[in-house]
Amino acid sequence: MAPQTCAICQKAKAMVKRPKTGEQICRECFFYVFETEVHNTITQANLFKPGDRVAIGASGGKDSTVLAYVMKMLNERYQYGLELFLLSIDEGITGYRDDSLETVKRNQQQYDMPLKILSYDELYGWTMDAIVSQVGRKNNCTFCGVFRRQALDRGAAMLNVDHIVTGHNADDIAETVLMNIMRGDIARLGRCTSICTQGEDTIRRSKPFKYAYEKEIVMYAYFKKLDYFSTECIYSPDAYRGHARVFLKDLEAARPSAIIDIIHSGEAFEVREEVKATQRVQQVCQRCGYMSSNALCKACTLLEGLERGMANSGITDRARKKLDAEGPAPDNLRTIPFFKPPSGGPLIAIESVS
Amino acid sequence: MSTDSNTMFLKIEFGGGLELLFSNQRSHRITIPSTVPADNNTSVTTKDAASPATRPADVTYLLHHLRDHLLKEREELFMENGTVRPGILVLINDTDWELEGEGEYLLKDGDEIVLISTLHGG
Chain A
1 MAPQTCAICQ KAKAMVKRPK TGEQICRECF FYVFETEVHN TITQANLFKP GDRVAIGASG
61 GKDSTVLAYV MKMLNERYQY GLELFLLSID EGITGYRDDS LETVKRNQQQ YDMPLKILSY
121 DELYGWTMDA IVSQVGRKNN CTFCGVFRRQ ALDRGAAMLN VDHIVTGHNA DDIAETVLMN
181 IMRGDIARLG RCTSICTQGE DTIRRSKPFK YAYEKEIVMY AYFKKLDYFS TECIYSPDAY
241 RGHARVFLKD LEAARPSAII DIIHSGEAFE VREEVKATQR VQQVCQRCGY MSSNALCKAC
301 TLLEGLERGM ANSGITDRAR KKLDAEGPAP DNLRTIPFFK PPSGGPLIAI ESVS
Chain B
355 MSTDSNTMFL KIEFGGGLEL LFSNQRSHRI TIPSTVPADN NTSVTTKDAA SPATRPADVT
415 YLLHHLRDHL LKEREELFME NGTVRPGILV LINDTDWELE GEGEYLLKDG DEIVLISTLH
475 GG
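Residue numbers (my numbering), protein chains in the order written: chain A, 1 to 354; chain B, 355 to 476.
Simulated from the structure, these hints should not be mistaken for lab results.
Careful, some of the hints might be misleading.
Stated by the list, open to error - Each computed BS3-like pair below joins lysine-lysine, with the alpha-carbon atoms no more than 27 Å apart: (1) 224/A <-> 105/A; (2) 138/A <-> 298/A; (3) 13/A <-> 462/B; (4) 72/A <-> 298/A; (5) 225/A <-> 116/A; (6) 72/A <-> 365/B; (7) 116/A <-> 72/A; (8) 13/A <-> 225/A; (9) 462/B <-> 224/A; (10) 224/A <-> 72/A; (11) 210/A <-> 225/A; (12) 72/A <-> 322/A; (13) 365/B <-> 13/A; (14) 225/A <-> 462/B; (15) 322/A <-> 138/A; (16) 365/B <-> 224/A; (17) 340/A <-> 49/A; (18) 298/A <-> 11/A; (19) 462/B <-> 365/B; (20) 105/A <-> 210/A; (21) 11/A <-> 462/B.
All values reported here derive from a predicted model rather than from experimental measurement.
Can you build the whole structure from these sequences, using the hints too?
Right under this line is the structure:
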């Protein structure tokens, strides 16, 4: 094949075929369009205002490493006026997270950003290694997911930031749309494509890479020689997501626009008011002050099960009844420190605004 | 560079977690024949000449070679239907292989092929 010239500058040799558009472009134009599209995503959604303190949820993986690099660059190039931080959660998985945290520590130096690492051990008194040794490999992802979500908010509160940005990319969001359809989870389907989820008084979360293809993120990291860590979690990965992922990659191979098309489909769904009305009103966890749709938040429920040696009580109704039958939680039960949102105000929150 | 015109020297680089399937080694230097069996059989050399159907070595042949000679585990995470599994990016001399004819690209002595998995999370 004869080398193609870049469709944008018409000068340099094309080196990337953009999955979203099929355009063939050179390396420099690829950097420019990738960065500019993320900037457009940020400005069109009005994600930030000058003076915002923003934490980048950093795992050491490709998405968050590229996000940290691009956020720093755009903040300087377009004068967003943001104060940026790296926030990492240490789940306590030997041989997985300890290695990836070394990458985050290097990123801290390379990008000159303050880093906060919050561990499950510090917050909950349990590492994932300890949790898996008690619950086995079947339901451990439930614990990890619930604990990580809350740990990110708590780490953000410690940094006194207003906003957390995460590296979720277009592929991740399209996968989530498919999973919510397959599970019939209409409430989540209605909100999973939102670029920003926000409760009143709680910490905003957003996804500046919402429209960025994984292929382009990996190409960007490769051409920029960014330092990232890649491995699989040593505990069984989310099998259901794995199926959605393989299906999505097959669709992408046949028609690369499939990913962005699925996101657009997800955005176009309108959830009827009657369906929205069945969603639980958010309240505050009686035990730890974190937002919750029940008297106890999910993390406190899971932690109580672990502490009382009945870990499944947070997973199945049957195990929960068994736990309740044994009486109320003992007074000396280990609990999560009381949550104080950065604003200091009361935490009355809804999970998202549409 | 190869001095023998019947073989060629290639630089192979794995990334994004794909190296885990290849002895956890990112960089490999390999030599493959310049002319290869049309059926991608990597265990015979064309010098055996019993098999008349041959073609110049291309990326598809290289993928079979990597699978048969360098891959240490979980073949299904590397190849599917005679090509790389969807989600693995291939660069030929730093250019997206989609611009170079993908598997049909004819290899040249000294080419550098990079394979990166996008399937590993963070």
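Going through the hints against the structure:
no.: 1; hint: 224/A <-> 105/A; result: holds (19 Å)
no.: 2; hint: 138/A <-> 298/A; result: holds (18 Å)
no.: 3; hint: 13/A <-> 462/B; result: holds (19 Å)
no.: 4; hint: 72/A <-> 298/A; result: violated (34 Å)
no.: 5; hint: 225/A <-> 116/A; result: holds (24 Å)
no.: 6; hint: 72/A <-> 365/B; result: violated (34 Å)
no.: 7; hint: 116/A <-> 72/A; result: holds (17 Å)
no.: 8; hint: 13/A <-> 225/A; result: holds (20 Å)
no.: 9; hint: 462/B <-> 224/A; result: holds (26 Å)
no.: 10; hint: 224/A <-> 72/A; result: holds (14 Å)
no.: 11; hint: 210/A <-> 225/A; result: holds (23 Å)
no.: 12; hint: 72/A <-> 322/A; result: violated (51 Å)
no.: 13; hint: 365/B <-> 13/A; result: holds (22 Å)
no.: 14; hint: 225/A <-> 462/B; result: holds (25 Å)
no.: 15; hint: 322/A <-> 138/A; result: holds (20 Å)
no.: 16; hint: 365/B <-> 224/A; result: holds (20 Å)
no.: 17; hint: 340/A <-> 49/A; result: holds (23 Å)
no.: 18; hint: 298/A <-> 11/A; result: violated (56 Å)
no.: 19; hint: 462/B <-> 365/B; result: holds (11 Å)
no.: 20; hint: 105/A <-> 210/A; result: holds (25 Å)
no.: 21; hint: 11/A <-> 462/B; result: holds (25 Å)
When the structure is compared with the earlier hints, violations turn up for hints 4, 6, 12, 18 and for no others.
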